[in-house]
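Protein chains: 2
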Amino acid sequence: MKLGIFDSGVGGLTVARSLQRSGCFSELLYYGDTARVPYGSKDANTVTRYALEAVEFFNGANVDALVVACNTVSVVALEQMQRYSNKPVYGVLEPGVLALQQMPGITQDARVLVIATRSTIASGEYQQRINALGFHRVEAMATPLFVPIVEEELYDGPILTETFKHYFGGLMRPDVVLLGCTHFPLIDTAISAYFGGAKTIHSGEAMLHWMEQRLDLTARFDNTPIQIMASENVEAVKRVAARWQLQV
Amino acid sequence: MKLGIFDSGVGGLTVARSLQRSGCFSELLYYGDTARVPYGSKDANTVTRYALEAVEFFNGANVDALVVACNTVSVVALEQMQRYSNKPVYGVLEPGVLALQQMPGITQDARVLVIATRSTIASGEYQQRINALGFHRVEAMATPLFVPIVEEELYDGPILTETFKHYFGGLMRPDVVLLGCTHFPLIDTAISAYFGGAKTIHSGEAMLHWMEQRLDLTARFDNTPIQIMASENVEAVKRVAARWQLQV
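Protein chains in written order, with the numbering used here: chain R, 15 to 262; chain B, 15 to 262.
If you are wondering where the hints come from, they were derived from the structure by calculation, not from laboratory data.
One or more hints might be untrue.
The list treats identical chains as interchangeable, and a pair is accepted whether it falls inside one copy or across any two copies.
[Claimed, not checked] Cross-link-like lysine-lysine pairs, in silico, DSBU-like; alpha carbons within 35 Å at most: (1) K101 to K252; (2) K179 to K213; (3) K101 to K179; (4) K179 to K252; (5) K179 to K16; (6) K16 to K213; (7) K101 to K16; (8) K252 to K16.
Please model the complete structure; the sequences and the hints are all you need to start from.
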């Protein structure tokens, strides 16, 4: 199975990494809209317009399905993308929520914290779906500063700690943190430690498990080449991919 | 004189504010490319392409001249904008450097720190022009995290302090800090205090003084209406304008 992966920029490489390491796919084609990143603070209309341009791109690409790595896009534009795409399109929202539901030792009494960009949180989509499963202690927090902090590669240290205090200071200590933005897996260790060892849900791992439960992924591949494309500065994206330990 | 002001997003409102308060202009037309902000981490080619679209927009607008508030655009695209524009186009670079040259009590021995986005610093434009004036103690530092921090309205406090330490920890204490990004005037008090009262240069004030020395700005207006337009979410831009005390 050849998979397309769409993201607003480099963040989706964390999803690509999980899929590449699984050995379930013959090829990956990654496209990041680096010329217009970030999406997380932009209008739903604008994000949808950009997402449909990506569908156009993948309609012409030789892949069997399209994974939307970006949470913001998955929230606001998935249905329209599915309508205009000539292949199946999978978003990260449903996988993330499924991972919560299937997490060992986690019941509906668990304290759940969803963190994401401003637009993902404002949509209320994650919160609604999690509530619908019977979880009743759900908090949600937009943590937009984590994105540039991760892009500065400040995966620990005082800036991150102060930013944790700023966003998390008033919150309950969660049992599970749903990382609703592809950048956040880069700081999941620090987030988990801040909350005394809370579990985290990572869009890439969640997508893989979701696909395993829905698609025939029995074929195994010794390596999964990834082709990386971008709307600008593809070399910078490739450098990030190498730093984040994808096999480029 | 009716003035157009172009910026990548909301940051240029600090420039618009200086121009509005001066009483020298009959009208301002502000256009922020909020759908594609930020420019500071993008390719020169991409930024130039976006800047020329803005020229197209202002070519059809009823203004006498165009001010490019964004430092990144002024660095990479000013010449091309001037070529394609049907009216004069002024960038913030030359005004910023002139303000340094004309600053009372500042000699060529002064320690100068230039802070800006990654692309502005990488271009070396500010550094080169300042060196060309005979200043010989010039440091330059890309401080990209200041932009999202300002957009989160964290104008002081521990996140900003830790970010100062991160970027400024290894630097000499400057006599003058050239704020080479339109977001930075919002934290100029904190920057100046961190450096024990260093002077700061602000693109909006610098632009006004530069124009006063080059154009006939003798007419006075009791108020200067500003029309705000944006490539998305113009209401959000207007809210920021109100918070930053423009008369909207």
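K101 and K252: within-copy, between-copy, both or neither at 35 Å Cα: within (26 Å within a copy, 41 Å between copies)
Copy assignment of K252 with K16, given that the CA separation must stay at most 35 Å: within (20 Å within a copy, 45 Å between copies)
Homomeric proximity label, K101 with K179: Cα distance no greater than 35 Å: neither (43 Å within a copy, 49 Å between copies)
Intra- versus inter-subunit Cα pairing at 35 Å for K16 with K213: within (31 Å within a copy, 57 Å between copies)
Within, between, both or neither: K179, K252 at alpha-carbon 35 Å: both (33 Å within a copy, 30 Å between copies)
Copy assignment of K179 with K16, given that the CA separation must stay at most 35 Å: Classified as neither; 42 Å inside a copy, 46 Å across copies.
Homomeric proximity label, K101 with K16: Cα distance no greater than 35 Å: Close inside one copy (11 Å), not across copies (51 Å); limit 35 Å.
35 Å Cα threshold - placement of K213 relative to K179: Answer is both; intra-copy 19 Å and inter-copy 31 Å each pass.
Violated hints for the displayed structure, listed by number in ascending order: 3 and 5.
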